[in-house]
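Peer 1: Sequence:
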Amino acid sequence: MALVPSYIQRLANYKPGKPIAEAQRELGIQNFIKLASNENPLGSSPKGLAAIEHSLTNLHRYPDATGYELRTKLANRFNVKIDNVVLGSGSEGIMSTIMRTFLLSDDELISAANSFIGFRVLANASGRRVHWVPMKNYCYNLEAMADKITDYTKIIYIANPDNPMGTTITRQEFDEFYKHVPGRVLIILDEAYYEFAKDSPNYPDSMSYRYDNVITLRTFSKAYGLAGARIGYGFAHDSLIQNLMKVKVPFEPSLTAQVAGLAALDDEAFLAETLQVNKKGMAFLKQEFDALNIHQVPSEANFITTVWDSEEKASQLTQSLLENGVIVRQLTGFGWPNCIRISVGLESENQKFIDTLKDIL
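The sequence shown begins at 0 in numbering that gives the first Met the number 0 and counts up by one.
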């Protein structure tokens, strides 16, 4: 009997955006700008950092297993009850708990092909059948996904905005899709980039329409700059949350993650600056790409994905940029080998990227 299940053996290791330290070791270049992982270019919320520093004297203590303070604050912020809130180590941590809580042996999952890698890894690692539905015009094809629903469907995953394309589904599209979803099917709405998209007139904030079988996931990683702390949260019907709380890792998230999230929610100045830097940076990159006749996918997040003629061209550009001190993300691992995703950086970083790209082209 095989020690490792075949569906685990078939998995490939997740490959994140190249860390700066790794690039420095490989190329011997010290000054890199990293525009590969959709991180906050301003750094972390100052209030979040201060809270972490203040908490260090308590690292010998276990964190609150219920996350009471942060869950209460999130409940008040989004006008729900604490029983509707769950915490996790990033949104992926909650996704993992959802899989372990609700999937039975014959259950199936549905999502878009070539969307968020984190969910793809968890879905494939579950050993269940997954229907990967091709995207349409770089967007979730909800009509085709609805056609895949069967008596065995248990979980449907939708990232809105999507990563790595930054595209969104509209309220009308979701409402039409929802008509085809039985109440026994869980819909995960991953809104990791919610803060960047929420002011778009076409973006459907899922908290404005609550369904008993919808789980909304969000994170402090992007807009609040706490990616390294690993702190995410979710909203759902209290019966779903009650069962998730039974299965989640007891002391997850960590003490430092919880206090950082708690303080970051009050850092309105940092959030406002983050959104302004992103808005300005997105406009600049779009304008420059248009001027260079570079095909780009319209994005409502904090990154833009560009489309090139071939995988070879995308690979050459990614490597040339790396050799000139700029780290971007070729999307081979996502299933888009001819695409390059560029995270919005500081004004100086965006300018360096464009200047370097022009020199290479």
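No lab work stands behind these hints, which were simulated from the structure alone.
Keep in mind the model is a prediction, meaning the values are calculated, not measured.
Just so you know, even glycine gets a beta-carbon here, dropped at the ideal spot from N, CA and C.
A few of these clues could be false.
[Said to hold, decoys possible] Taking lysine-lysine pairs in the DSBU-like style, the calculated list, with each CA pair at most 35 Å apart, reads:
(1) Lys135 <-> Lys147
(2) Lys197 <-> Lys357
(3) Lys14 <-> Lys135
(4) Lys46 <-> Lys357
[Claimed, not checked] Each pair of labels, with its calculated beta carbon distance range:
(5) Gly334 <-> Ser104: 26 to 36 Å
(6) Ser309 <-> Ala143: 38 to 48 Å
(7) Asp308 <-> Glu346: 48 to 58 Å
(8) Asp308 <-> Asp358: 40 to 50 Å
(9) Gln350 <-> Gln23: 17 to 27 Å
(10) Gln318 <-> Thr169: 35 to 45 Å
(11) His236 <-> Lys357: 47 to 57 Å
(12) Glu267 <-> Asp358: 33 to 43 Å
(13) Ala64 <-> Gln350: 38 to 48 Å
(14) Gln275 <-> Ala64: 48 to 58 Å
(15) Asp308 <-> Lys245: 43 to 53 Å
(16) Tyr67 <-> Leu291: 45 to 55 Å
(17) Leu291 <-> Ser314: 32 to 42 Å
Peer 1: If a hint holds in the structure, say so; if it doesn't, say that too.
Peer 2: Hint check:
Between Lys135 and Lys147 the CA atoms are separated by roughly 15 Å; this keeps the pair inside 35 Å, and the hint holds. A C-alpha spacing of about 33 Å is found between Lys197 and Lys357, which places the hinted pair at or below 35 Å, so the restraint holds. With a C-alpha separation of about 25 Å, the suggested pairing of Lys14 with Lys135 holds against the 35 Å cut-off. Distance restraint check for Lys46 and Lys357: the Cα-Cα separation of roughly 38 Å exceeds the 35 Å cut-off, and the hinted pair is therefore not satisfied.
A C-beta distance of roughly 28 Å is found between Gly334 and Ser104, which places it inside the suggested range of 26 to 36 Å. The hinted window of 38 to 48 Å between Ser309 and Ala143 is violated, with their beta carbons roughly 27 Å apart. Against the hinted window of 48 to 58 Å, the Cβ-Cβ separation of Asp308 and Glu346 comes to about 30 Å, which falls outside the hint. Asp308 and Asp358 have their C-beta atoms about 19 Å apart, which leaves the hinted 40 to 50 Å range violated.
Under the hint 17 to 27 Å, the C-beta atoms of Gln350 and Gln23, about 22 Å apart, fit the expected range. In this structure the supplied range 35 to 45 Å holds for Gln318 paired with Thr169, their Cβ-Cβ distance being about 37 Å. Distance hint check for His236 and Lys357: the Cβ-Cβ separation is about 52 Å, which falls inside the suggested range of 47 to 57 Å. Between Glu267 and Asp358 the C-beta distance comes to about 40 Å, which sits within the given range of 33 to 43 Å.
Taking 38 to 48 Å as the suggested C-beta distance range, the pair Ala64 and Gln350 conforms, at roughly 47 Å. At about 37 Å, the CB distance of Gln275 to Ala64 disagrees with the hint of 48 to 58 Å. Between Asp308 and Lys245, the C-beta spacing of about 51 Å keeps the proposed range 43 to 53 Å intact. At roughly 51 Å, the beta-carbon separation of Tyr67 and Leu291 lies within the given 45 to 55 Å, and the hint holds.
Leu291 and Ser314 have their C-beta atoms about 19 Å apart, which leaves the hinted 32 to 42 Å range violated.
In summary, the structure is inconsistent with hints 4, 6, 7, 8, 14, 17 from the numbered list given earlier, while agreeing with the others.
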